[in-house]
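2 protein chains.
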Amino acid sequence: METHKQLTIGLFGFGVVGEGLYKVLQQTPSLKASIKKVCIKNPGKRRNAPASLFTTDKNDILNDRDINVIVEVIDDANAAFEIVATALKNGKEVVSASKKMLAEHLPELLALQKETERSLLYEASACASIPVIRNLEEYYDNDLLHSIRAIVNGSTNFILTKMFEEGLDFKEALLLAQQLGFAESNPKLDVEGFDAVNKWTLLLNHAYGIVERPDNILFNGIQNIQAGDAAVARSKNQQIKLVAQAKKLQNGKVAAFVLPQFVNHDEHLAFVKNEYNGVVIESGFADKQFFYGKGAGSFPTASAVLSDIAALRYHYRYEYKKLYHHTPHALSNDIFLRVYVSFDNLALIPKEKFEWIEEWHAQEERKYLVGVIAFEELKTATWWKENNTSLVLTPDPVIEDVEIRKLKKKSLELAGVVG
Amino acid sequence: METHKQLTIGLFGFGVVGEGLYKVLQQTPSLKASIKKVCIKNPGKRRNAPASLFTTDKNDILNDRDINVIVEVIDDANAAFEIVATALKNGKEVVSASKKMLAEHLPELLALQKETERSLLYEASACASIPVIRNLEEYYDNDLLHSIRAIVNGSTNFILTKMFEEGLDFKEALLLAQQLGFAESNPKLDVEGFDAVNKWTLLLNHAYGIVERPDNILFNGIQNIQAGDAAVARSKNQQIKLVAQAKKLQNGKVAAFVLPQFVNHDEHLAFVKNEYNGVVIESGFADKQFFYGKGAGSFPTASAVLSDIAALRYHYRYEYKKLYHHTPHALSNDIFLRVYVSFDNLALIPKEKFEWIEEWHAQEERKYLVGVIAFEELKTATWWKENNTSLVLTPDPVIEDVEIRKLKKKSLELAGVVG
Chain A
952 METHKQLTIG
962 LFGFGVVGEG
972 LYKVLQQTPS
982 LKASIKKVCI
992 KNPGKRRNAP
1002 ASLFTTDKND
1012 ILNDRDINVI
1022 VEVIDDANAA
1032 FEIVATALKN
1042 GKEVVSASKK
1052 MLAEHLPELL
1062 ALQKETERSL
1072 LYEASACASI
1082 PVIRNLEEYY
1092 DNDLLHSIRA
1102 IVNGSTNFIL
1112 TKMFEEGLDF
1122 KEALLLAQQL
1132 GFAESNPKLD
1142 VEGFDAVNKW
1152 TLLLNHAYGI
1162 VERPDNILFN
1172 GIQNIQAGDA
1182 AVARSKNQQI
1192 KLVAQAKKLQ
1202 NGKVAAFVLP
1212 QFVNHDEHLA
1222 FVKNEYNGVV
1232 IESGFADKQF
1242 FYGKGAGSFP
1252 TASAVLSDIA
1262 ALRYHYRYEY
1272 KKLYHHTPHA
1282 LSNDIFLRVY
1292 VSFDNLALIP
1302 KEKFEWIEEW
1312 HAQEERKYLV
1322 GVIAFEELKT
1332 ATWWKENNTS
1342 LVLTPDPVIE
1352 DVEIRKLKKK
1362 SLELAGVVG
Chain B
952 METHKQLTIG
962 LFGFGVVGEG
972 LYKVLQQTPS
982 LKASIKKVCI
992 KNPGKRRNAP
1002 ASLFTTDKND
1012 ILNDRDINVI
1022 VEVIDDANAA
1032 FEIVATALKN
1042 GKEVVSASKK
1052 MLAEHLPELL
1062 ALQKETERSL
1072 LYEASACASI
1082 PVIRNLEEYY
1092 DNDLLHSIRA
1102 IVNGSTNFIL
1112 TKMFEEGLDF
1122 KEALLLAQQL
1132 GFAESNPKLD
1142 VEGFDAVNKW
1152 TLLLNHAYGI
1162 VERPDNILFN
1172 GIQNIQAGDA
1182 AVARSKNQQI
1192 KLVAQAKKLQ
1202 NGKVAAFVLP
1212 QFVNHDEHLA
1222 FVKNEYNGVV
1232 IESGFADKQF
1242 FYGKGAGSFP
1252 TASAVLSDIA
1262 ALRYHYRYEY
1272 KKLYHHTPHA
1282 LSNDIFLRVY
1292 VSFDNLALIP
1302 KEKFEWIEEW
1312 HAQEERKYLV
1322 GVIAFEELKT
1332 ATWWKENNTS
1342 LVLTPDPVIE
1352 DVEIRKLKKK
1362 SLELAGVVG
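Listed in order, the protein sequences are those of chains A and B. Going by this note's numbering, the first residue of the first sequence is number 952, and it counts up by one from there. Going by this note's numbering, the first residue of the second sequence is number 952, and it counts up by one from there.
I should point out that these hints are in silico values taken from the structure, not numbers from a laboratory. What you are looking at is a predicted structure, and each value in this text was computed from that prediction instead of being measured. Careful, some of the hints might be misleading.
One copy or two, either will do: identical chains are not told apart, so a pair holds if it fits within one copy or between any two.
As the list claims (entries may be wrong) - When the alpha-carbon atoms are kept at most 16 Å apart in a straight line, the in silico EDC-like pairs for lysine to aspartate or glutamate are as follows:
hint : residue 1 : residue 2
1    : 1318      : 1295
2    : 1198      : 1347
3    : 1187      : 1218
4    : 956       : 1270
Sequences and hints are given; from them, build the entire structure.
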């Protein structure tokens, strides 16, 4: 059997994750991995580790030839990219948990991995303790991945759960998430969907070989979801979840987006509550599979980092199989979505932009409509996230280009417009 | 990036799984894997494939130098072992789905893999489409695996679900499972727990490095579970599931067994219904993780075989890390279990064998007691599975050696025996 590598680690960041990792490594001597040096920003802060372990000079680590692995768990995306790029160029293997940095610099990081032939692992960057990247990369290495639907942000899921189960309003639930440490330092990143779309950018690569900028993927958060929307969901025995999803279309392309969605109470994702994450993979022949675990918090993140470190002992690296060994998939904008839109003022809703409208509810406490709209319209316009307007996907929202005409005709017939 | 291997497959078995695999491979040309020859037992049977594909002589495949991968999905454990052993010795990589053969020959197969340096993959042998072996081997490669609890037999889970949800009696539910193709050709293998303990033998190896004969692992099936037991479970808002479990003890050893168990309605495993399988992994720092998917049926099995084939393109092999690179764990018999025992005739229950008895229910339709008993007693005696007696574990059943004395004293005090 192959011998495994002795790992000498240089760690960047000693916040909750960094310190968690330090403790975990002390308790798992079998891993044969030790932290030689930790780079921190603020030398004045009290730390639960010997002072000799710390430095504030990144080059103390990046230029140390004994250190063969860099673990980077800092909060500053720009600094993180500098560290990771330099580490790879200096011949070190890297483990990173910085989803924002990874998502925004994916093309450069792919090139750097090719050029340096070093490993960059980042399981902790998506769904924390759930090994979703590794499974997409290794196990679903075929053309048969029909769809993937996931709750990837623990903080928004916690907020939605508290709104649904305990009737908290949005602000109370957010405050509670922050107190429990489930929200990023800047809550906007979680709440408005930025964190989720960053994770989705990474997973789209490992699922389908897609390399796309996060800001080119349609997304929104839960900032506009109101108690009235929750009431509508409850009346249909549904919940609202922030769902990241991708679906292979009949034309071979992939539709992908991160939006709030109504989820039936008996669906797998409805099982995912509080700060947990969940992933439902639908593939040819295997039917649906469901992975579930903690998606936020210091220890689940540290545990994912730990598994990456363990994999480095066996020289593991992502092959990016869908990108390099299969024909990578392209994203498609040629679809239509069946959406629920609630609003204060009907005058601000461009009704003419809908292909057709199936429901009107003008008398409810929260006014809303259900209709079918072009994906392109949502990508280019902003009315649907402004002026207290909420958009929530229906449970099975995607209508493909090839189906739209037939469905439109049927819908107009039903409405008595044509016959 | 590493180039990948062109795979030329010799297939043994063309039943539902073999034929499923043949179809799947035709639909996934990207895999660059083709079936050159299929060995079958009965040449007279009509097949949905060209006649030139088939042979009845195993040596046509085992001695064909073009064939570099053997896929074995036959129902005869002895023949399967012969095929797999010869294939490895002839320098071929092997994918097998024969859990019984694999479990019974694990030590020889470990030795053969070392000797031949060939890969033997068998993801399909446990939980079919759920990648549990790969994840235990690769992702939970550390000392922190506290426990693993799983529903590994789709057929018994289907039967129990139908008994609970639709009030079918055991025999009706078994017949339905057989009609739907969820039961092995010999239902005894499923129903009496043989299939589950075979799978558990394999998973104990990848989880903890344990190499043990299946008949040395304590197990039972669901053959004695009656409508009266189901009624008791329902009255406590619980279900009965056949649960395979392993738990690391304070002494560093592992307790493992496969027995029916009461499962609370809000536990992960209660979510697992019908022919599905589920695995709950509890590890230090990551908290609980839950994997869920189809555990039986031709296509889920074929899909797992397919993922193994895909992994062979990248020269993947199990490292057996827990066995070779960590200190493997030993099984412990020094534990006690809190159990429910229901019976027709109290005289046949050796009450003196219990450490203490916590509940008596002599008036119910189904008579039962709840008590604590030594694991060793269950391993050596058979009264608990005879004469219409049912044994079902309580939800948190394991009492460690170090705790038993204190708990016994407390229990006797409560009963007013000592004080």
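(request) Measure nothing new, just compare the shortest in-copy and cross-copy C-alpha distances for residue 956 and residue 1270 to 16 Å and report within, between, both or neither. (result) between (20 Å within a copy, 14 Å between copies)
(request) Could you place residue 1318 and residue 1295 in one of the four classes (within, between, both, neither) given a Cα distance threshold of 16 Å? (result) within (7 Å within a copy, 62 Å between copies)
(message) At most 16 Å between alpha carbons: which applies to residue 1187 and residue 1218, within, between, both or neither?
(response) within (14 Å within a copy, 25 Å between copies)
(request) Tell me, please, which holds for residue 1198 and residue 1347 at an alpha-carbon limit of 16 Å: within, between, both or neither? (result) within (11 Å within a copy, 41 Å between copies)
Checked against the numbered hints above, the structure violates none of them.
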